[in-house]
Each structure stands twice: as structure tokens, then as C-alpha cells.
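Protein chains: 2
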Amino acid sequence: MKTIVLIGAGMMGTALTLPAAANGNRIRVVGTPLDREIIEHAKKTHRQKTMDRKLPDENEYYQIEALDEALEGADFVISGVSSFGVDWLLNEALPHVPQDTPILSVTKGLVDDAEGRLETIPAYLERNIGRPLNICAIGGPCTAYELADLRQSCVTFCGKDMATLEMMREAMQTGYYHISLSTDVTGVECAVAMKNAYALAVTSAVGALEAQEGEGCKEAYNPQAGIFGQAVREMSRMLRLLGGKPENIMLAAGDLYVTVYGGRTRRLGILLGRGLSIADALAQLSGVTLESVSIATRTVRALRIRAARGEIDPADFPILMHIGDVLDGKCSLHMPWESFR
Amino acid sequence: MKTIVLIGAGMMGTALTLPAAANGNRIRVVGTPLDREIIEHAKKTHRQKTMDRKLPDENEYYQIEALDEALEGADFVISGVSSFGVDWLLNEALPHVPQDTPILSVTKGLVDDAEGRLETIPAYLERNIGRPLNICAIGGPCTAYELADLRQSCVTFCGKDMATLEMMREAMQTGYYHISLSTDVTGVECAVAMKNAYALAVTSAVGALEAQEGEGCKEAYNPQAGIFGQAVREMSRMLRLLGGKPENIMLAAGDLYVTVYGGRTRRLGILLGRGLSIADALAQLSGVTLESVSIATRTVRALRIRAARGEIDPADFPILMHIGDVLDGKCSLHMPWESFR
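As they're listed, the protein sequences go chains A and B. First residue of the first sequence? That's 12 in our numbering, and the numbers climb one at a time after it. First residue of the second sequence? That's 12 in our numbering, and the numbers climb one at a time after it.
Hints are supplied without guarantee of correctness; some may be wrong.
Identical copies carry no separate label here, and so any pair may be met within one copy or between two of them.
[As the list claims (entries may be wrong)] Calculated lysine-lysine pairs in the DSS-like style (CA-CA distance at most 27 angstroms, straight line):
#1 Lys13 to Lys229
#2 Lys229 to Lys341
#3 Lys229 to Lys65
#4 Lys55 to Lys171
#5 Lys54 to Lys65
#6 Lys256 to Lys171
#7 Lys55 to Lys229
#8 Lys341 to Lys60
#9 Lys229 to Lys60
#10 Lys13 to Lys171
#11 Lys13 to Lys341
#12 Lys54 to Lys13
#13 Lys229 to Lys171
#14 Lys171 to Lys65
#15 Lys341 to Lys171
#16 Lys256 to Lys341
#17 Lys256 to Lys55
#18 Lys341 to Lys65
#19 Lys54 to Lys341
Read the hints as simulated data drawn from the structure, not as lab findings.
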């Protein structure tokens, strides 16, 4: 039995408490300052408010002020913050975590800088905290809702230290939560991040057909599959560019597959495919947090800097560069079929 | 303007006459002995009977006895026979085709032998006809129905001779039919063949959920995506094993995506996922030609021979080997989640 402290009571983090509790671990959930209501609701109802799903009865809940108390005796920490919460985690929460306590991060994304570098979240956190951090991360196709519904899910835990990864897998693996291990943090995290722009592209084919034949028309899969194939080609190139292992393309492909059918990114992709500008599409989706837009924008921003320096050929990434232009409001979406190669 | 002779009036072959005719080529469609009714119907109605879709008004139709007449002045031949018709093509039709007339084959599949070799259809035809054959083939995610509906479709023409491929592309490319070219025949054809077993596996997740929650329940995508990712991993290994270029994994991924949503293979995968034996599932689908079952069975048969000789580790292909057992009637389908690696 391990003592696991989850920081951040969002959907994915709390969904992870289900396999963790199934293995008899002690779970302490600490909300961020934005999670106050979620924590109060969970204390009373044992449900996660945002996704309205049952959580383990054994979970203990803490507001952020009790972080130090919750961390006492922790075997490892799960960070459940979204990419928007990374700097809060870095500055407000991580300093409370003892140096030798391993961390498992669910945060998806890459951080870009003015030089066009793209850094994984674990690397970004370790560089900025200024001390060694035994940080691992989760990749692979797994949406929070379906994990909370105990659906068969395959993920990859990645990190520098295989012994830590094995300890975490033993704590978390169940008959429906299947965990592979990898020390290729760059490969796994790139795969996870890149799928965002491409999921917008694949789902835009649904909207493009609706623009021709009316909403609710029968779906067509040749166009989606054509974009899916080109997406895998471009994601393979990105993986190589950023130094990830080529075989992790399978994570990107699986993650793209699940995201095409996921809620928010799919809805945005369909609206863009219908010909809406990004501004109009986001207005229709008001109130929805679009992490995918932020991640896609950062990735393209970095690629543009590298392209300007002649380090990459943007023609190798026709979908990604076009989605970047669409997200910047430069044009509406017109799939560049003739540029696929 | 080219003169293009299509041999075999099945769905995919006749769907190809739409982009071909759009470019002003002269199209002659010659039915196999099994296509008599399709040809008569098309002569009268300009529609393909099996898929009930409109064909170009300019198409000319011939019964098989008029093959030599139809071949007169042909710039290239498209073979539209299914994998079940390959030996008919080899023995009855190809001897009529002049040696220097290039052929474009739509037939999907690999041919296995007692030594566990897997050969592409172009290689099989050339080896058996006993003379050089300028044969190209089509890969990539494109279903006949959607091509006939003029949906955006991305395919790859592969062959030994780039000049021939370019001539064919020029004849066939349109604003919705996008053609990449490749000289990696093995890679393209393997990608196309392998996706069959894996499409059964991905769609089985739909049936497995229905077995728990009832038919028509809400779909879950974590399980499908987990299998999809492992499928990409296994297909990459197969590509390497058979000597295809690794980058053609994008064709396999795109083709798998479209097949998951295609009609017949999806229906079989769902039935197997519900727990039906292959015999019971095929009984429910009576009358349906299941090329995918035949292709998957051949691939697994070859792998088993290689595994018995210690040339491959079957544990590298847990999904494929299990699907092989299911198709042989040895067991019902239980996804080997724990063996994914």
C-alpha cells in the first residue's frame, strides 16, 4: 500500500484515483486554489463535480492550505494540473514536495521559447525548480471520462528512472488500466502534445462535408483517413525533429484516434471545417477550456522560428502549419490536400 | 487523353472510372465471368449494380469475350479483381495484355506459401507469368463507396517505374482524388494488407462493450484507441520484417482508420467482440464476401511458420496472433491487453 497525494482535482487527476484506490492505496486529493468547490463537493458527495462521476469512498480531500499535512508520508505525488497550471505548480506547490518524493505528471503539452525550442513539461519543471526532480509523466490514449467509467485504457508512464516507473505501475495497474513504461520522455510527451493540432484537422473533414451537404449528413471516412495518414507522417517527422524514439509514433496515433472522438477538440474542429473563423468558432464554444488550441499554437510558433532560420522545411508539415494559420486567425480552414507528401 | 481498360467491374475498379473519366480519358470496362449482370446493368443504366452508384456516361462496357477488342490501343490497364480473382487474372486475362502495357492493380492482399513467405500481389503475378510485368498497385485509405461519392481521398500508387507511376497519376488525379507515388511496393502493399486483422481487433472493442452494457450502448474510445496504438506498433514491426520502408506506417494507420468505419469488417469485428465464435459470426453475415478474413488468415499462417522456425517472436504480435486463433475457431475473442508491449 502506498500513500499517493494528488495535487489538482481536475477530471484526469481524480479519474486516476479509481485505479489507485482499487489497489488499496491511501489517496489524498489536494485541490488547487481553483478547485475549492470541487473539493467541497467531493467531501460531501464522493463525486467529481466537473465530470459528475463517482470517486472512491476512501479518498481524503484537502484544500490547498493543508498541502503540507497531506504530503506527510507520501510515497509519490500525482500532479493533476492542466497546462495552464504548470507555473502555479512550479512556484506554489512543488516547493512543498520533499526532494526525494517522485512525481507523476498528467499535464499534457510542450513549452516553447523565443529560440523555437520545445521542452516537455517534466524538463521545464526540473530546469526551473533548479534541483533534481524525480518526475515521471503519463502519455497514451486515455480520456478522463472513460477512465472514470472504468473502460479498458492503455497508457505509458515515462521518466528517467525505471525503478520509480515500476513502483508507480505496481501501485496503479488494474485489470482495465494498462501501463507500459518508457524512458523516452521526449518521445512520449511529444506524441501526446502533437496530436492536438492534428485532431482539429481530422475532425475538420466532418465539418467540411457538413458545409456541402448540411449538418447531420452521413459521415465520410476517406477524407478523415487521408488526413489521419498525413498526420501520422507529420507527427513522425516531429518526433524525429525533437529527438523522440520513432516507435513512439504508436502513442501519437492512438492518442490522435481517441482525440478525434473526444468532446471539445472535435467540436472545434468541426466548426473550423464548416468554414468558421477561429474567433467565431471559439465564441460558439464559450466557456470551454481549449488546452488543445494552446498546445497547437505553441508547437507551430516554435516551428515557425525554426523555419525562419532554415532549420526545417515547413512544406514537411503542411497540415500543422495551416492549422497554425487558422488558429492565428489568418485564414479559414481549407485542407491543403495537394501539399500532402 | 489516355485509353484505360478496366478488367473487373467490381466496386473499387468502377469507382476509379469516375476520376479517370473526369480527366477526359477513354474508359473501357471489361467484366470478369462473374460480372455479367453488372456489365449488362451498366450498359443499360450507367450505374454499378453492387454499390448502386452512377458511373460516367462515357464509359464503354464489354463482356469478357471482347477482352482483346477492348485492349486495342490501351495506354494502361486497371485490374479491378478482388484477391479471390488473382489466379483468374493471371491465367485468363493477363496473357491477353501486351507485354509493354502497364497495369495498375487495386487488388489488396499478400500471398503466403508453405515456407512462411508473404508476397505482394504484383510480385506474385510477375513471378508466375514468367515475363517482366510493368505492374503498379494502389494503396492508401480509400473505400469504393466514398470514392464513388467523390469524397476527398488520398491514395498511393506504387510500382518499380516512376515514369509509369507519373503517367498514371496524371491520368487519374483530380481535385478530390489525391495520389502520392512510391517505389516501395512491399511497404505500401503490406500496409494495405495488414490492416485487416487489426480492424477486426479495434472494432471488437465496440462489441465487447455491448456484451457488458447492451447493444446500442454509448461507444467508448479509450479501448479502441489502446488497440489502435498497439496495432500501429505491431504493423510497424511487420513492415520492418517484410522489408517495407518504416515511413509507410502512415498508410497502414490511415487504412486502419478507414477500415474501422468500413462496413463488413466492422460488422464482423463487433460480432467477434460480443463473444461469438467465428462460425456463428460468419453465419450472421452470410452472403458477405470477407476478403479481410482471408487476408488476415494468410498473414497469420505465414507468421506461425516463421515463429515455429524461431525467426520471429509471436509475443511481438499479440493482437495478430490472437485474431489468427479466433479466425481459426480455436477460441472466442478476448483482447490480450496484458500482452501489449
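Each hint tested on the structure:
1. Lys13 to Lys229: neither (50 angstroms within a copy, 35 angstroms between copies)
2. Lys229 to Lys341: Classified as neither: same-chain Cα gap 30 angstroms, cross-chain 38 angstroms, threshold 27 angstroms.
3. Lys229 to Lys65: between (35 angstroms within a copy, 18 angstroms between copies)
4. Lys55 to Lys171: Classified as neither: same-chain Cα gap 39 angstroms, cross-chain 69 angstroms, threshold 27 angstroms.
5. Lys54 to Lys65: within (12 angstroms within a copy, 63 angstroms between copies)
6. Lys256 to Lys171: Within. Shortest intra-copy distance 14 angstroms satisfies the 27 angstroms Cα cut-off; inter-copy 30 angstroms does not.
7. Lys55 to Lys229: Answer is neither: 44 angstroms inside a copy and 29 angstroms across each miss the 27 angstroms cutoff.
8. Lys341 to Lys60: For lysine 341 and lysine 60, the Cα distance exceeds 27 angstroms both inside one copy (37 angstroms) and across copies (46 angstroms).
9. Lys229 to Lys60: Cα proximity of lysine 229 and lysine 60: across copies only (21 angstroms, versus 35 angstroms in one copy).
10. Lys13 to Lys171: Within one copy only: 21 angstroms inside, 59 angstroms across.
11. Lys13 to Lys341: neither (51 angstroms within a copy, 41 angstroms between copies)
12. Lys54 to Lys13: within (21 angstroms within a copy, 74 angstroms between copies)
13. Lys229 to Lys171: neither (47 angstroms within a copy, 38 angstroms between copies)
14. Lys171 to Lys65: neither (33 angstroms within a copy, 59 angstroms between copies)
15. Lys341 to Lys171: neither (40 angstroms within a copy, 42 angstroms between copies)
16. Lys256 to Lys341: This pair counts as neither: shortest intra-copy Cα distance 34 angstroms, inter-copy 37 angstroms.
17. Lys256 to Lys55: Neither. Shortest intra-copy (45 angstroms) and inter-copy (57 angstroms) distances fail the 27 angstroms Cα cut-off.
18. Lys341 to Lys65: Answer is neither; intra-copy 43 angstroms and inter-copy 39 angstroms both fail.
19. Lys54 to Lys341: Neither. Shortest intra-copy (47 angstroms) and inter-copy (50 angstroms) distances fail the 27 angstroms Cα cut-off.
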